[in-house]
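The listed protein sequences derive, respectively, from chains A and C. Okay, so the first sequence: first residue is 1 according to our numbering, each after it adds one. Okay, so the second sequence: first residue is 1 according to our numbering, each after it adds one.
If you're looking for bench data, these hints aren't it; they were derived computationally from the structure. C-beta atoms are modelled at their ideal positions from N, C-alpha and C, and glycine is treated no differently. Among the clues, some could well be false.
Said to hold, decoys possible - According to the in silico footprint, chain C covers these stretches of chain A (three or more CB under 8 Å from chain C):
no.: 1; region: 112-121
no.: 2; region: 186-200
no.: 3; region: 213-225
no.: 4; region: 251-262
no.: 5; region: 303-314
Number of protein chains: 2
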Amino acid sequence: MKISKVEAIPFAIPYRKPLRFASGEVTAAEHVLVRVHTDSGLVGIAEAPPRPFTYGETQASIRAVVDGIFAPQIIGLSPLEREVMHTRLNRTVGNPTAKSALDMAVWDLIGQSLGVSVTDLIGGYTDRMRVSHMVGFAPPGEMVAEAERIRGLYGITTFKVKVGRRPIELDIEVCKALRAGLGDGVELYIDGNRGWTPSESARALRAMEDLDLTFAEELCPADDVLGRRWLVSQSRIPIFADESVSRPGEVTRELLAGAANGVSIKTARTGFTYSQRVLHLCEGLGVEVVMGNQIDGQIGSLCSAAFGAAFELTSRRPAELSNFLDMSDDLLSEPLQITGGTLHVREGAGLAIEIDEDKLAHYRQDG
Amino acid sequence: MKISKVEAIPFAIPYRKPLRFASGEVTAAEHVLVRVHTDSGLVGIAEAPPRPFTYGETQASIRAVVDGIFAPQIIGLSPLEREVMHTRLNRTVGNPTAKSALDMAVWDLIGQSLGVSVTDLIGGYTDRMRVSHMVGFAPPGEMVAEAERIRGLYGITTFKVKVGRRPIELDIEVCKALRAGLGDGVELYIDGNRGWTPSESARALRAMEDLDLTFAEELCPADDVLGRRWLVSQSRIPIFADESVSRPGEVTRELLAGAANGVSIKTARTGFTYSQRVLHLCEGLGVEVVMGNQIDGQIGSLCSAAFGAAFELTSRRPAELSNFLDMSDDLLSEPLQITGGTLHVREGAGLAIEIDEDKLAHYRQDG
Numbered sequence: 001m002k003i004s005k006v007e008a009i010p011f012a013i014p015y016r017k018p019l020r021f022a023s024g025e026v027t028a029a030e031h032v033l034v035r036v037h038t039d040s041g042l043v044g045i046a047e048a049p050p051r052p053f054t055y056g057e058t059q060a061s062i063r064a065v066v067d068g069i070f071a072p073q074i075i076g077l078s079p080l081e082r083e084v085m086h087t088r089l090n091r092t093v094g095n096p097t098a099k100s101a102l103d104m105a106v107w108d109l110i111g112q113s114l115g116v117s118v119t120d121l122i123g124g125y126t127d128r129m130r131v132s133h134m135v136g137f138a139p140p141g142e143m144v145a146e147a148e149r150i151r152g153l154y155g156i157t158t159f160k161v162k163v164g165r166r167p168i169e170l171d172i173e174v175c176k177a178l179r180a181g182l183g184d185g186v187e188l189y190i191d192g193n194r195g196w197t198p199s200e201s202a203r204a205l206r207a208m209e210d211l212d213l214t215f216a217e218e219l220c221p222a223d224d225v226l227g228r229r230w231l232v233s234q235s236r237i238p239i240f241a242d243e244s245v246s247r248p249g250e251v252t253r254e255l256l257a258g259a260a261n262g263v264s265i266k267t268a269r270t271g272f273t274y275s276q277r278v279l280h281l282c283e284g285l286g287v288e289v290v291m292g293n294q295i296d297g298q299i300g301s302l303c304s305a306a307f308g309a310a311f312e313l314t315s316r317r318p319a320e321l322s323n324f325l326d327m328s329d330d331l332l333s334e335p336l337q338i339t340g341g342t343l344h345v346r347e348g349a350g351l352a353i354e355i356d357e358d359k360l361a362h363y364r365q366d367g
Numbered sequence: 001m002k003i004s005k006v007e008a009i010p011f012a013i014p015y016r017k018p019l020r021f022a023s024g025e026v027t028a029a030e031h032v033l034v035r036v037h038t039d040s041g042l043v044g045i046a047e048a049p050p051r052p053f054t055y056g057e058t059q060a061s062i063r064a065v066v067d068g069i070f071a072p073q074i075i076g077l078s079p080l081e082r083e084v085m086h087t088r089l090n091r092t093v094g095n096p097t098a099k100s101a102l103d104m105a106v107w108d109l110i111g112q113s114l115g116v117s118v119t120d121l122i123g124g125y126t127d128r129m130r131v132s133h134m135v136g137f138a139p140p141g142e143m144v145a146e147a148e149r150i151r152g153l154y155g156i157t158t159f160k161v162k163v164g165r166r167p168i169e170l171d172i173e174v175c176k177a178l179r180a181g182l183g184d185g186v187e188l189y190i191d192g193n194r195g196w197t198p199s200e201s202a203r204a205l206r207a208m209e210d211l212d213l214t215f216a217e218e219l220c221p222a223d224d225v226l227g228r229r230w231l232v233s234q235s236r237i238p239i240f241a242d243e244s245v246s247r248p249g250e251v252t253r254e255l256l257a258g259a260a261n262g263v264s265i266k267t268a269r270t271g272f273t274y275s276q277r278v279l280h281l282c283e284g285l286g287v288e289v290v291m292g293n294q295i296d297g298q299i300g301s302l303c304s305a306a307f308g309a310a311f312e313l314t315s316r317r318p319a320e321l322s323n324f325l326d327m328s329d330d331l332l333s334e335p336l337q338i339t340g341g342t343l344h345v346r347e348g349a350g351l352a353i354e355i356d357e358d359k360l361a362h363y364r365q366d367g
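Turn these sequences into a full structure, and let the hints guide you.
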């Protein structure tokens with residue numbers, strides 16, 4: 001079985017309401033559907049989410065690099081020749097979500113051709129992931145109400161709170177309201193998306209010391225090199241790195257520099273192949289991980305869950321898998337369901353992704 | 001498909017002549033054949049080489065821990081549930097070759113059941129490995145003659161020279177004779193098996209400075225903690241760790257302590273699952289690796305080659321795959337062949353190991 005054709009299809013699905021973060025705002029999921037075709041008729045599927053504020057990629061750049069550079073490099077390869085594929089893809093710098101979508105689509109092909117789920121292929125630990133939900137910026141009362149709604153609807157009891165605004169009191173107030181409103185039975189952690197300075201981060205953490213936060217993610221930029229090391233050196237809760245650790249070499253640098261205590265793994269940027277490498281690197285270094293969310297659609301969320309469920313270390317804590325709830329629709333024939341705070345990995349070969357072709361025709365932007 | 005039975009069969013095959021190292025001597029390969037049976041009739045195969053001087057395991061301890069502890073823990077699991085299996089095996093400390101043989105036999109089952117080679121399953125980089133040959137202790141002239149014989153017979157042009165004797169001049173003389181006798185077209189590196197002190201190691205390296213050694217392995221014990229760091233800090237050729245890095249946590253400790261610059265990966269002690277972790281850890285840390293040999297028989301050599309060929313990083317340099325040449329016989333129906341300095345991975349599903357049952361009946365020690 002050889003790879004015969006690669007499609008990179010831009011599509012846009014509106015969010016129910018605009019998503020706001022310290023690093024920017026998005027109003028629609030403008031992603032790229034990647035389909036890797038083979039001469040046997042099997043088709044591997046994944047999606048690439050362009051994140052210009054994080055990785056510099058755009059919908060147009062993903063299409064261009066897939067069509068113009070990557071597709072010719074991998075057409076003719078067997079899906080099993082992953083190491084050969086990555087040797088070729090890696091000649092091109094950056095473009096993490098484009099490369100990762102190809103990687104995951106190829107793993108989907110491997111699973112389909114062998115009749116085994118990707119989760120079982122790469123580790124086979126469990127068939128589900130507990131879910132952590134991200135609460136976006138809003139007045140404190142609204143954020144508590146939203147978290148309560150999510151808990152009631154989906155049984156989710158772990159919440160990631162977006163912080164990083166100025167003055168820091170805005171976010172401190174929100175976190176206090178969430179702990180008071182949701183009670184002690186709920187797990188809370190925060191994500192600053194590089195919005196604060198190191199000293200603001202430290203002040204905010206001190207002010208939230210009684211809130212029993214599990215960890216804090218990317219409060220200040222990794223390029224605040226010494227400031228961030230100082231922050232990590234004196235923080236009483238672990239600091240996780242996210243957008244600053246988008247490949248193994250960066251993981252090593254940040255961890256060995258003392259600039260982080262934990263790592264967020266996102267299949268959207270490291271696929272399945274390099275997510276394994278990041279995971280094994282962290283495991284070998286004795287560092288905790290969390291499965292993060294690149295504001296993934298349902299296809300991306302399925303990929304992330306498929307990876308997380310494969311390993312014991314990634315299954316230890318709830319994964320960020322619910323961002324798709326903010327989208328008004330999606331491309332899957334059978335939408336994802338979160339119940340009892342849990343997302344099940346799809347049974348079936350590969351990633352078991354089935355696209356609703358009518359929806360794709362409706363949302364695709366190249367027609 | 002579920003695991004239904006596990007066999008741990010002791011066998012002994014004489015060496016053509018006794019193998020001598022700084023850390024001990026062996027006269028026969030007294031290994032344990034591990035066969036993992038399933039309710040589908042498929043059988044996964046690997047071998048465990050007891051190395052009491054290195055890991056504390058014996059043939060009897062491997063049989064006891066497999067039969068008494070590990071078999072009951074994995075019977076009933078699907079071979080795909082590797083992460084569940086390792087969570088259980090890891091409750092028992094140590095016993096690396098016993099655990100690894102089970103891991104590799106289970107990967108053999110996965111490959112067989114899916115109709116894919118293990119090499120393709122885990123990476124799919126290439127189908128062969130260049131071979132490095134180990135030259136054991138002997139007078140200089142004999143060692144040169146032996147290397148020439150191996151080069152002539154098998155086309156091997158990379159040699160690992162056992163050192164670590166006292167006085168160090170014995171080994172310096174050998175290495176000089178090998179370089180002079182074999183010429184510049186041959187790659188040479190040395191392995192001390194912890195035989196020297198740090199200062200002896202440094203003196204020997206200085207005396208061999210003109211011999212263009214690629215690297216030096218485990219010249220002094222890892223527990224010579226500060227001495228070894230000093231040695232590594234001032235050595236002009238890289239120092240590789242071998243028996244001091246038998247699991248990911250040890251790799252991290254030795255590398256971060258500055259006690260090694262490279263790592264030997266041996267499937268005999270880390271199987272396929274943990275060898276991937278060690279590899280990805282080293283890759284993420286930017287550290288070179290070599291596929292090492294645990295004085296493996298043909299089954300173990302096949303496993304090592306299957307892993308090495310799967311990845312670009314492990315394929316960069318010749319792997320130590322020729323120790324089986326010292327054995328007077330083996331259990332495979334079709335013996336391994338090294339030609340043109342290369343060992344090909346077996347085509348076929350899983351590890352494609354077929355045991356000659358007559359030979360097993362002859363060499364097994366529990367009959």
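Going through the hints against the structure:
1. 112-121: As far as the region 112-121 of chain A goes, the hint holds, because 5 residues have Cβ atoms under 8 Å from chain C.
2. 186-200: violated (count 0)
3. 213-225: It is violated: at least three residues are needed, and the region 213-225 of chain A offers just 0 whose Cβ sits closer than 8 Å to chain C.
4. 251-262: holds (count 3)
5. 303-314: This one holds; 3 residues, not fewer than the three required, reach chain C with a Cβ under 8 Å.
Taken one by one, the earlier hints fail for this structure at numbers 2 and 3, listed in ascending order.
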